[in-house]
Amino acid sequence: MRSLVFFSEMLILLSVVTVRPFVGILLWSWVSFMSPHKLLWGPGANLPWAMFTIVALVIGCLVAREPKRIAWNPTTVLIAAFMLCISLTTVTAMAPMDDVVHKWSAVMKTFGVLIITASFLTSKERIHALIWIMVLSLAYFGIKGGAFTIVQGGANRVLGPPETAIGDNNALAAGLLVAVPLMNYLRMQSQHRAVRIGMAVMMVLTLFSVVGSYSRGALIGLLAMSVFLWAKSKHKLAAAVVLPLVVGSVIAFMPPAWMARMHTISNAEDTDSGETRMAIWHVAWEMATHRPLTGSGFMGPYEQRVVDQFVPGAASRAVHSIWFEVLGEHGFVTFFVWLGITISGFVAARRIIKSASGVPELAWCVDLAKMSQVSIVAYCAAGSFLSLSYWDYYFTILVAAAATHEYVRQSLGQTSPGWVRQIGPQSRLAIEGGRVVDAKARAGPAA
Amino acid sequence: MNSILLGSTLVAVAWLSVWAVKDHSRPSKTWWLFAMREPDEPRSKARWGADRPGAQVPVESKPMQRPWRRSGS
Numbered sequence: 003m004r005s006l007v008f009f010s011e012m013l014i015l016l017s018v019v020t021v022r023p024f025v026g027i028l029l030w031s032w033v034s035f036m037s038p039h040k041l042l043w044g045p046g047a048n049l050p051w052a053m054f055t056i057v058a059l060v061i062g063c064l065v066a067r068e069p070k071r072i073a074w075n076p077t078t079v080l081i082a083a084f085m086l087c088i089s090l091t092t093v094t095a096m097a098p099m100d101d102v103v104h105k106w107s108a109v110m111k112t113f114g115v116l117i118i119t120a121s122f123l124t125s126k127e128r129i130h131a132l133i134w135i136m137v138l139s140l141a142y143f144g145i146k147g148g149a150f151t152i153v154q155g156g157a158n159r160v161l162g163p164p165e166t167a168i169g170d171n172n173a174l175a176a177g178l179l180v181a182v183p184l185m186n187y188l189r190m191q192s193q194h195r196a197v198r199i200g201m202a203v204m205m206v207l208t209l210f211s212v213v214g215s216y217s218r219g220a221l222i223g224l225l226a227m228s229v230f231l232w233a234k235s236k237h238k239l240a241a242a243v244v245l246p247l248v249v250g251s252v253i254a255f256m257p258p259a260w261m262a263r264m265h266t267i268s269n270a271e272d273t274d275s276g277e278t279r280m281a282i283w284h285v286a287w288e289m290a291t292h293r294p295l296t297g298s299g300f301m302g303p304y305e306q307r308v309v310d311q312f313v314p315g316a317a318s319r320a321v322h323s324i325w326f327e328v329l330g331e332h333g334f335v336t337f338f339v340w341l342g343i344t345i346s347g348f349v350a351a352r353r354i355i356k357s358a359s360g361v362p363e364l365a366w367c368v369d370l371a372k373m374s375q376v377s378i379v380a381y382c383a384a385g386s387f388l389s390l391s392y393w394d395y396y397f398t399i400l401v402a403a404a405a406t407h408e409y410v411r412q413s414l415g416q417t418s419p420g421w422v423r424q425i426g427p428q429s430r431l432a433i434e435g436g437r438v439v440d441a442k443a444r445a446g447p448a449a
Numbered sequence: 108m109n110s111i112l113l114g115s116t117l118v119a120v121a122w123l124s125v126w127a128v129k130d131h132s133r134p135s136k137t138w139w140l141f142a143m144r145e146p147d148e149p150r151s152k153a154r155w156g157a158d159r160p161g162a163q164v165p166v167e168s169k170p171m172q173r174p175w176r177r178s179g180s
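Those protein sequence lines, which keep their order, are chains A and B.
For what it's worth, the numbering used here labels the leading residue of the first sequence as 3, then goes sequentially.
For what it's worth, the numbering used here labels the leading residue of the second sequence as 108, then goes sequentially.
Simulated from the structure, these hints should not be mistaken for laboratory data.
For every residue, glycine included, the Cβ atom is placed at its ideal position computed from N, Cα and C.
Zero decoy hints are in this set.
Distance ranges between label pairs, derived from CB positions:
hint	chain 1	residue 1	chain 2	residue 2	range
1	B	129	A	74	26 to 34 Å
2	B	129	A	240	32 to 40 Å
3	B	108	A	352	36 to 44 Å
4	B	144	A	241	15 to 23 Å
Some chain A residues flagged as far from chain B (calculated, every beta-carbon gap over 12 Å):
hint	residue
5	98
6	233
7	237
8	291
9	295
10	319
Examples of chain A residues toward chain B, derived with CB under 10 Å:
hint	residue
11	11
12	21
13	38
14	126
15	128
16	138
17	146
18	197
19	364
20	366
Can you make the complete structure from the sequences, with help from the hints?
Structural data, given as structure tokens:
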């Protein structure tokens, strides 16, 4: 029955994509982030739905009348540069070429669609819809995992969907942490009270799911995210009470076995997983220092023969750190390009907050920018212990932040007299009664 | 529970897809769950400005009483 409903819905939506290509972006994001077909039985589970969506999207792009222009901004330029860099490091990769090309093509598809996504984010409704689909995609696992944790008393681990980027319990927890700020954005910016309450409940259940994963990296990410969420909240006093209360209550709910596992964070180097992580990080560092321009190429740290060339005797395995994974696989040049994507997204969010604060029409942009920054912090903190370097969900947030920044710039340039108009990157000028005045000076030294 | 959650997600995705491509220049219907909150109204002078009820208006000089004159005289 599930399979039939899913199949029917996809057929209808794919036909819509051919005339309204933005639906293809939503559909691709949903299939890519949630992998709903993996939750089904029957033939529908094994069909290449992502490929079907891309085909329909390409047809839609050709047929639809809307302008087709790639949105070049610092984030998309860096994404394109990253695609070029990983293509070059693939040529010099040391692992078996079949494995390398397989991973290269998956990452290229992911980042290629990100550039297409950026070109479709031309209105606030589209950006809002993309955030919705991102939240819906992970909310399923957040709600389910949270309810599972509460019902089981936290005795069993929450796992992600198999055969996906967030299949591992650690990856799922990190992914949910990144999604929580987006849920908070929808809680703040949804029109309906029922939706806002639903988002608050969803956030609490997702926190239960994060903690129920027994991931130590996620706990560190949760604490980092909570502090940053408080720093970005409008009502700091209320947040200072509510945030520790909610996070503390969720943690207090967990059984002694969970507490015992979390206590091993302080002496992580003495545990098996801590020791092996340190060893593979050392391997990745050696790969980067010996081949600073190219690294080992995709899959290098996973290949024993390659690992032995840098640190003989060290075991090959997943790197379990976003930083060391990119460093080891691609060297320093690609690492800084990859890091630049994150920095460009963070800077775009910062610029939104600086230029759009105080404009009621752009309040949603400010909220989204703040929550994007919280998501970035959550990813960087929790990802330090995970192999999620090429996770499309995270990079979609950065693309959305860059698109929102462009929206803010255009909106401020078109606002009627009385609103702040941005002229140049730094100046904030307002037009009042036909006269141009300095908005900062007018607002006083506290502004 | 899985079926309920998955079913809800399927409905939400279809609903969101329709919302995303609808004409947003028209006022939003109440049953569009995904609708964004309307922006807060800017503080109007009538309520928050200098001429709100009970507000004390700073003046640079004291008001002067002019000599009374009949209009038209």
